[in-house]
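Asker: Mind assembling these two chains? They're in different frames, but the hints should get you there.
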Amino acid sequence: MIYFAALALAIGLGTAIAALGCGIGQGTAVRGALEGVARQPEAGGRILSMMIIGLALIESLTIYALVLGFILLGKLPDTAQIMSLLQK
Amino acid sequence: MFDSLLQLHTAPILLAQAHGAAPAETHTATGTPPAHAAEGGGEHPTPLTFLGFSALAFVLILSFLALGTRGLRIVPRGLQNAMEMITEILYGIPEMVMGERGRQYAPFVGTFFLYILVMNLMGLIPGLKPGTASLSITLGLAVVAFFMVQYLGFKTHGISYIKHFAGPVWWLSFLIFPLEIISELVRPMSLSIRLYGNIFGEEQVVSALTNQLSPAAAVLMLPLQVLTVFLQAFVFTLLVTVYISLATEKHENDHGETAEAAAH
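Protein chains in written order, with our numbering: chain A, 1 to 88; chain B, 1 to 264.
Chain B extracted, bound-state conformation (with noise of 0.2 Å):
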């Protein structure tokens, strides 16, 4: 009986060494499948083909922030017009979320918004392949994020930033302690997986239309697939709003009691 569990165990490692295929399997680890699952048939994208893409995203913006600030008047015009658009909108969403005070915030948070728009956006044209559809780079946003929340923490209230972990009543605490470290730690988790799940399913979705049905069969996603890439990057820098809004609140209102609050 033994025998035969161990054989079942072993089985998927042996029919890939016999076929020579273990690179494939190894790099499920970082979420892609192997080559044969739903790809289009070209070759394996690795982590690295990911970073070049992200690396466009960022030379794509440099470059429409260098061109777009190209004689400034006072009256703007053209790419400048769409520069200050795009300016309120990213200003404007530290505002919905933490009023006046948001302002400061809005460069980190415009950053994230405006990258990972970018970077979805890359997805939709066919021959580019979205950063955000690899873990790896979502997961590097999100701890980004963690640790600019827990830094902006620390800075908002000193040491006692501590406090905020501990729960309503101070004789609690040593239960409610370990739930909202693990809460807090489950954040960029989430974030990642949220944004990484969409755009990947996304793009498999897509390829596996355009394979088994036709490439006009994948045009009919193109809507939804608009649709989620401007979702998903709002809501990330949302959500990464809202966490800097609950770490550096000064009043000291009931815990749970917020709006922020209610969308952990």
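For reference, chain A alone in the conformation it holds in the complex (with noise of 0.2 Å):
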């Protein structure tokens, strides 16, 4: 049972970690395009698209917890198989 509880918190709780660093990193990233942008407004375009790139990159960081969080959501079985296990 122990395994089943830990797995399912392991699944829970992945992602929604690795998505606090990818919120602080991508938070930050904004702020230097904005930063940027506010000091010089002609440069918008260019800093735009490297934002972006920069955010698809800090991002892809979250899916792969997220990948783990997928391989290990096929690992856990139904609750009524559950629920048969526990009524032995």
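These are computed hints drawn from the structure, not numbers from a lab.
Going by beta-carbon spacing under 8 Å, a handful of chain A positions derived as facing chain B:
no.: 1; residue: 52
no.: 2; residue: 53
no.: 3; residue: 67
Quick list of simulated restraints, FRET-style, between CB atoms:
no.: 4; chain 1: A; residue 1: 17; chain 2: B; residue 2: 220; range: 20 to 28 Å
no.: 5; chain 1: B; residue 1: 82; chain 2: A; residue 2: 48; range: 22 to 30 Å
no.: 6; chain 1: A; residue 1: 75; chain 2: B; residue 2: 66; range: 41 to 49 Å
no.: 7; chain 1: A; residue 1: 12; chain 2: B; residue 2: 161; range: 42 to 50 Å
no.: 8; chain 1: A; residue 1: 27; chain 2: B; residue 2: 103; range: 31 to 39 Å
no.: 9; chain 1: A; residue 1: 34; chain 2: B; residue 2: 82; range: 29 to 37 Å
no.: 10; chain 1: A; residue 1: 79; chain 2: B; residue 2: 79; range: 50 to 58 Å
no.: 11; chain 1: B; residue 1: 125; chain 2: A; residue 2: 75; range: 25 to 33 Å
no.: 12; chain 1: B; residue 1: 171; chain 2: A; residue 2: 38; range: 41 to 49 Å
no.: 13; chain 1: B; residue 1: 125; chain 2: A; residue 2: 48; range: 23 to 31 Å
no.: 14; chain 1: B; residue 1: 161; chain 2: A; residue 2: 39; range: 39 to 47 Å
no.: 15; chain 1: B; residue 1: 143; chain 2: A; residue 2: 49; range: 25 to 33 Å
no.: 16; chain 1: B; residue 1: 63; chain 2: A; residue 2: 38; range: 43 to 51 Å
Ideal Cβ positions, reconstructed from N, Cα and C, are used throughout, including at glycine.
Answerer: Here you go:
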């Protein structure tokens, strides 16, 4: 039973904690981009492109955790199966 | 105590055998979860299904090309106009990264962009699946990119391409060599998992919304899906271009200071 509980906790918390770091990182990136545009509005287009690329790279780290979550999700059995296991 | 631990470990396998769900459990290696996770109630998609959809994307691109190059004019109209705009974008991506010498890599890089974009866009149409939602297909694309980068590096530098992995000073190279090799080998993995995770996760969210709430709720995901589709195709292409430019740069600048190296 601890196995299933730990697995469910890992699935739930894994992506959440990864998203925490991703939120901080992307917030810092966007802050840098906004400061750059505020200093020099003519560079807005180029700064936007670089910001989008940077955001996609930071987000890919959270996507790795999400993929692990999907893989672990496949190892969780159905509720009906756990109920029948609990009855024994 | 060991009996209970062993029972915990083998419980999923026993349950699967008891309920005849063994084929679904063994498919988790390819990243597709079993049918009860979040699928829309259809059959369980195998990698061959995604291969079929990627072949459909290939056929779509070919037919677009065939129709667009019919009756070429000097002043383009209609489909030829769209094709020329797309070609300008595809040539612009390597030029943005490498400058003028990027134009020779534009066919290779542009193929990635167009192919991944069409495969991703097919996922927005209900009834079709995006080909990139299978780790097999994205891994295939990333491995092709990896081997092409190595080939271009050897073609540009000959055997001294190995010196790229040696770092700035020669007496530290035995430490830096494994690190650089590992970081080079991790690139196809990160490319493939990034693309696969984004597109597959998007698809799972839409199917979960459709099952739990209603199909109308899944329509709300559409703007985010379109953004992700274009962005992921662009990021894949851009990263492949950056890797090519790193492998084929002629002048040996300080290894860590160029803007492209910062995109590791």
